[in-house]
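S.K.: Residue numbers (the working numbering), protein chains in the order written: chain F, 1 to 196; chain W, 1 to 409.
Just so you know, the hints here were simulated from the structure itself, not pulled from any lab data. Errors might be hidden in some of the hints.
Far from chain F, by Cβ distances over 10 Å, these chain W residues were calculated [what the hints assert, rightly or not]:
| id | residue |
| --- | --- |
| 1 | ASP13 |
| 2 | GLU25 |
| 3 | GLU156 |
| 4 | GLU160 |
| 5 | GLY183 |
| 6 | GLY201 |
| 7 | LEU282 |
| 8 | GLU295 |
Restraint ranges, calculated between C-beta atoms of paired labels, are given here [claimed, not checked]:
| id | chain 1 | residue 1 | chain 2 | residue 2 | range |
| --- | --- | --- | --- | --- | --- |
| 9 | F | ASP28 | W | GLY201 | 38 to 44 Å |
| 10 | F | ARG187 | W | ASP310 | 43 to 49 Å |
| 11 | W | ASP288 | F | ASP28 | 43 to 49 Å |
| 12 | F | GLY96 | W | SER15 | 23 to 29 Å |
| 13 | W | ASP101 | F | THR100 | 53 to 59 Å |
For glycine and all other residues, C-beta sits at the position ideal for the given N, C-alpha and C.
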Amino acid sequence: MVAELEPVAGRGHRPRVAEPPEVRDVRDASVAELVIAARGGSPVAFTSLYQRFHRAVHAVALARVAFGDAGDVVQDVFADAWQKLPSLREPAAFAGWLMTMARHRAIDVARRRRPVDAATVEASVGPTPRAEAQAALAAIRALPETYRETLIMRLVEGLSGPEIAERTGMTPDSVRVHLSRGLKLLRQRLDGEVTT
Amino acid sequence: MSAMNPGDDYLWDRSGDDPEVARLEGLLGGLAHDAPLAPLPPRRRARARTVGLAIGGGLVAAAAVALIVLARRPAPVAVEVATGGCDDRGEPGFRFAVTGDGARCGGAAARGGVLPVGAWLETAAGAEADVRIADIGDVTLLGDSRLRAVATGPAEHRLELARGRLRARVTAPPRLFVVDTPGAAAVDLGCAYELEVDDRGRTRLRVTSGVVSLEGHGRAAYVPAGIEVATVDGGPGTPIRHDAPAALRDAVERFDGGDDAALAVVVAATGVCDTVTLWNLLGRTDGDRRRLVFERLDGLAIRPEWVLEDDVLAGRPDAIEAWRRDLDTSWTVGMSPTSVQCLGPEPAAPGEAPPGNAPPPGKAPPPAPPPATPPPGEAPPPTTWAPPASPPAPAPTSTPEAAPPTTWR
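Looking at chain F on its own, in the form it has when it is part of the complex (with noise of 0.2 Å):
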């Protein structure tokens, strides 16, 4: 690393040279320094943030696409933000950014296809889910949507309360919430309790 030179008595000048960068593992890092090495270009940074959210952003796809067709929206949602993370000016921000993009995205994979029920499940491209998940995901896709994402990352991708709170960028009392009322309607929907 070069800096300029400082004068030195007696001795001409001396380099006075930074240190140079930390090289550190992205697994010790904070959401807000991987955005900030990601935005910089780096693809283990990046990589890493993948990693973090992938299952979130599968979350947001499932609960309004085909099972199929959410693998396509998180690849698709994150070359989109690979691409657009240098416009993120606020690093704090990422995880709110990157479910809207990741809702904008589904949505408008939704809207090219038929209606999310278990049947689009059934007929979407790439591994069928079993029945019995089909019809377990199809009564939490009837849900209100507020409560549909959560539930999904929850009980699909396996997300802790406290770990839905850190990718969404909604606070852990909100997660409680949708958590609990979620399931109280989804063990109404699936005992039969609720009709569609």
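On the provided structure of chain F, position chain W as indicated by the hints.
M.R.: Only chain W this time, still in chain F's reference frame:
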């Protein structure tokens, strides 16, 4: 929260017990997303586009020409070779500063300045030079070394190391920074690395973070963090991990030197932390030899269902590349495909075999690998992957934006 019900602890953080939620998890967990990140397209560089459009002066025809030129990645800016030292004359080049005594730039003694394209920077044994690579990183040229500036511009920054050793730390889009050596080129894919050219012109590359592609003589070696590679007959040899056991290291040298029979020894000596070596060998072998490599790699790593055995054995580049992309997820975090910690400070868990030759769960054990002892006279394997010159981690700053440049591994 008032909205919480009995059993919600499990729903929140899996503490407690809720059989119904657990049943739903089991039912739906198979739908979870598990695919790796697809290859990233080159990022569109707004600055380059702006420059191109400015050249056009707003005229549509000129802008079109500029975009075509940009699409073809124009040759970097080149200037006349400096012969009378390297004072900053406002020419394109690489700013540098020297520590110690005995450095020359453009044929004259130098303490600092700008290394213009075409000029040589030479350090004596007691000197080092820090060379800034535009705004994307820096290179430390160690003592008794010779470095030339080849090109610098928006499309590429390029140096040539004719002799000696350098350490590079770069944060930039892939392939923007290249160092030529006799017979090979180290192409940065976002990383920190050490490059050495010995008196015989042999290049040795050691990657400490990120990934470098060492290319030359029609061959390319994919070298992620924790891996090193040396050139053989000008082109890159087979990459191995820094702490490879002597048996593997010796066998790789013999194989790279033309001893085909050594391949079986190489394959037998590889373990779960040697998947980089095996993957690189897929593209350097054919027929039964490739099958030998394939079967070993297939036994150590879970091959994605979309990577077909027949395609790999046929040497289809897209299939081999698809497998690399899947493996890359573990390589970038210093782990084996079966989650054994290969790099980093975490030691092997008690009772667990040391990284390198442990068979993955559910896989057949490897065929009697040789003992993993370091070669005589060699230092024990490193426990971290920070470059030797890295300072201790600085105190955290309150604003990440103000932090010094960081290279992620």
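S.K.: Hint by hint, work out which the structure violates, then give me just those numbers in ascending order.
M.R.: The structure breaks hints 1 and 2; every other hint is satisfied.
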